[in-house]
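Q: First to last, the protein sequences are chains V and X. Here this note's numbering = 1-based position in the first sequence + 517. Here this note's numbering = 1-based position in the second sequence + 171.
None of these hints come from the bench; they were simulated from the model. Any given hint could turn out to be false.
Stated by the list, open to error - Computed far set for chain X versus chain V, every beta-carbon distance over 10 angstroms: (1) Gly-183; (2) Asn-219; (3) Ala-271; (4) Glu-274; (5) Gly-295; (6) Ile-366; (7) Phe-368; (8) Arg-370; (9) Arg-371; (10) Ala-391.
Said to hold, decoys possible - According to the in silico footprint, chain V covers these stretches of chain X (three or more CB under 8 angstroms from chain V): (11) 200–213; (12) 241–247.
Stated by the list, open to error - A partial selection of chain V residues facing chain X, derived with a Cβ cut-off under 7 angstroms: (13) Asp-634; (14) Gln-635; (15) Glu-637; (16) Ala-638; (17) Phe-642; (18) Gly-643; (19) Leu-644; (20) Gln-648; (21) Ile-653; (22) Pro-656; (23) Gln-657; (24) Pro-702.
This structure is a prediction, so every number in the text was calculated from the model and none was measured. Ideal Cβ placement from N, Cα and C applies to all residues, glycine included.
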Amino acid sequence: MRYADFTPYDLVLLAQGLGVTLWVFLVTTAIGLVIGLAWGIIRFYRVPLATPAIDFVSEFLKNSPVLVQLFLVYFGVPGLMHVDMTPVFAATITLSANTAAFIYVIVVSAIESVGRDQIEAARAFGLSRWQVLRHIIAPQAIAFSAGPLTALLVNQLQVTSLISVIGVMDLAKIGANLNLRTLKPFVVWTVVGALYYVAAKLVALAGARIEARLRAHAVFRGL
Amino acid sequence: MLKVENVVKAFGSLTVLDGVSLAVHPGEVVTILGSSGSGKSTLIRCINGIETLDGGHITVDDFDVSKPRELAEARKRSGTVFQLFNLYPHMTALSNITLAPIEVLKRPRAEVEAEGRALLASVGLADKIDVYPAQLSGGQRQRVGICRALAMKPRYLLLDEVTSALDPEMTSEVLDILAKLAREGTTMVFVTHEIEFARRISHRIVFLEKGKLITDLATAEFFSAEGGLALPRVAQFLSKMQKA
Ligand SMILES: Nc1ncnc2c1ncn2[C@@H]1O[C@H](COP(=O)(O)OP(=O)(O)OP(=O)(O)O)[C@@H](O)[C@H]1O
Ligand SMILES: [Mg+2]
Chain V
518 MRYADFTPYD LVLLAQGLGV TLWVFLVTTA IGLVIGLAWG IIRFYRVPLA TPAIDFVSEF
578 LKNSPVLVQL FLVYFGVPGL MHVDMTPVFA ATITLSANTA AFIYVIVVSA IESVGRDQIE
638 AARAFGLSRW QVLRHIIAPQ AIAFSAGPLT ALLVNQLQVT SLISVIGVMD LAKIGANLNL
698 RTLKPFVVWT VVGALYYVAA KLVALAGARI EARLRAHAVF RGL
Chain X
172 MLKVENVVKA FGSLTVLDGV SLAVHPGEVV TILGSSGSGK STLIRCINGI ETLDGGHITV
232 DDFDVSKPRE LAEARKRSGT VFQLFNLYPH MTALSNITLA PIEVLKRPRA EVEAEGRALL
292 ASVGLADKID VYPAQLSGGQ RQRVGICRAL AMKPRYLLLD EVTSALDPEM TSEVLDILAK
352 LAREGTTMVF VTHEIEFARR ISHRIVFLEK GKLITDLATA EFFSAEGGLA LPRVAQFLSK
412 MQKA
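Start from the sequences and build out the full structure, keeping to the hints where you can.
A: Below, the structure is given as structure tokens:
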């Protein structure tokens, strides 16, 4: 067997790469979700100064390339602040922040999608801002945002492939290594692409499931 | 007592309420009349604390709506029924009714639900308990809206043109319920264009004109030649409404 041949062990490597990709995706999604939600809630409470600051950060994150953000965190931050930075850590920070910025946008529009008149009614009956958020806004906003959120996450899953550039051993990086060794780019990238496709499809299916359930539970028009 | 004293409310350069004073005693039905844009809804929204005041005071049983700490208490004492119902679309009729008693008054769910069912039954909606607002007719939605306000056992019921989004048949459904509440001694602040109905159920009628409260008279006096009708604006308004 020649060095350039495919071996069964390549499958193990691909599986490991896929694992890293999914792990980074899930962790950064979870962190992004928490931060994006927190930002949305801060904005809902109209916290002075915090809202413009969040808008500024979120605008920057949305309107600059993820690759640039990744380089900034991986190469720029250690030089500036004299801290050690591992590729996985840099990837986690960058992707979490980027996901948070987009989730923030979805959260804001979902909150704003809920009619003012119902919120006024609830306030007039004495519900606090938090109770309004929890009982009136959240259930409707979640149903509203399930679709856009699924679309975002499918996209963010693909975006994780950028972290291979700074040396994280994700699926794209494994693919690149395999390609260098075998020199069969068509086969390698087809297989890697198919794996991303399957993973993305699973995210989309899970999202559609959740969305259907949220809407079935709420048998009402207007969403 | 519900007391409105010298209330001023402006939106930018537009003064919508210009020194309005009004007192509503327990057991009274007070109707607010006035042409479109005269500030009736704004007055209701100031009483339930949706709008902030630019001058004057509003107290509900001595709780000042302008003081954040007292607003919560004031809001427990008034219940609003809205022109466009403002129901929570993601909740069933029953949940619409029980939300505030459970969350605000911290009452036990089972008890509140039993009362909610009884309220819905009393307005002829016993079979609509688990139905969402979108599945109800306008008149049925407004009956749920009334039940939602009543479930808080408010000392003052605030009604802002609660029938103006309804056709005549649905209007009479809702007015029948309000007439019954009035007979039972419910205190009401009632904004309406249903002059004849107002005449039947209210003790007093006040007239708003461009943000100023220009009369505050007992009902019979309001409709008498030497009372309300002696005022050109009121006479004009009433004759226009009766023609319509
Ligand atoms: N949020 C707001 N911003 C600016 N102007 C407002 C606002 N709310 C009400 N207004 C203005 O205040 C005036 C009084 O409005 P209001 O809704 O109190 O009238 P109304 O007497 O209830 O009229 P209608 O009989 O048509 O319901 C109107 O000129 C209206 O345009
Ligand atoms: Mg109005």
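Q: If a hint holds in the structure, say so; if it doesn't, say that too.
A: Structure-based check of each hint:
The beta carbon of Gly-183 (chain X) sits about 19 angstroms from the closest Cβ of chain V, which is more than 10 angstroms, so the claim that it is off the interface holds. The beta carbon of Asn-219 (chain X) sits about 4 angstroms from the closest Cβ of chain V, which is not more than 10 angstroms, so the claim that it is off the interface is violated. Not every C-beta of chain V lies more than 10 angstroms from that of Ala-271 (chain X), the closest at about 4 angstroms, which undercuts listing it as non-interface. Annotated as non-interface, Glu-274 (chain X) brings its C-beta within 10 angstroms of a C-beta of chain V; the closest such distance is 5 angstroms.
For Gly-295 (chain X), the requirement that its beta carbon stay farther than 10 angstroms from each beta carbon of chain V is met, with the minimum near 22 angstroms. Non-interface status of Ile-366 (chain X) relative to chain V is upheld: no Cβ of that chain comes within 10 angstroms, the nearest being about 26 angstroms off. Under the 10 angstroms C-beta cut-off, the non-interface status given to Phe-368 (chain X) relative to chain V holds; the minimum distance is some 24 angstroms. The Cβ of Arg-370 (chain X) sits about 28 angstroms from the closest Cβ of chain V, beyond the 10 angstroms cut-off, so the non-interface label holds.
The beta carbon of Arg-371 (chain X) sits about 27 angstroms from the closest Cβ of chain V, which is more than 10 angstroms, so the claim that it is off the interface holds. Its beta-carbon lying about 32 angstroms from the closest one in chain V, Ala-391 (chain X) satisfies the requirement of being farther than 10 angstroms from that chain. Three residues within the 8 angstroms Cβ limit are the bar, and the segment 200–213 of chain X against chain V gives 0, so the coverage statement is violated. Chain V is given as covering the segment 241–247 of chain X, and this holds because 3 residues of the stretch bring a CB closer than 8 angstroms to a CB of that chain, at least three being needed.
Hint status for Asp-634 (chain V) relative to chain X: holds, with the closest Cβ pair at about 4 angstroms, below 7 angstroms. Taken as an interface hint, Gln-635 (chain V) checks out: its beta carbon lies about 5 angstroms from the nearest beta carbon of chain X, inside 7 angstroms. Interface restraint check for Glu-637 (chain V): the shortest CB-CB distance to chain X comes to about 5 angstroms, inside 7 angstroms, so the restraint holds. A hinted interface residue such as Ala-638 (chain V) counts as satisfied when its beta carbon comes closer than 7 angstroms to some beta carbon of chain X; here the least separation is about 4 angstroms, so the hint holds.
Given the 7 angstroms rule on beta carbons, the hint for Phe-642 (chain V) holds: about 4 angstroms separates it from the nearest Cβ of chain X. Annotation: interface hint on Gly-643 (chain V) holds; nearest CB of chain X at approximately 4 angstroms, less than 7 angstroms. Interface hint status for Leu-644 (chain V): upheld, as the beta-carbon distance to the closest one in chain X is roughly 6 angstroms, under 7 angstroms. The interface hint given for Gln-648 (chain V) is met, as the beta carbon of that residue sits about 5 angstroms from the closest beta carbon of chain X, less than 7 angstroms.
Restraint check, Ile-653 (chain V) versus chain X: the minimum CB separation of about 6 angstroms is within 7 angstroms; hint holds. Contact between Pro-656 (chain V) and chain X, as hinted, is supported at the beta carbon level, the nearest pair being about 5 angstroms apart and thus within 7 angstroms. The restraint placing Gln-657 (chain V) at the interface with chain X holds, with a minimum CB-CB distance near 5 angstroms, inside the 7 angstroms limit. The closest approach between the C-beta of Pro-702 (chain V) and any C-beta of chain X is roughly 51 angstroms, which is over the 7 angstroms cut-off, so the hint fails.
Figure legend: structure checked against the earlier numbered hints; hints not met, in rising order: 2, 3, 4, 11 and 24.
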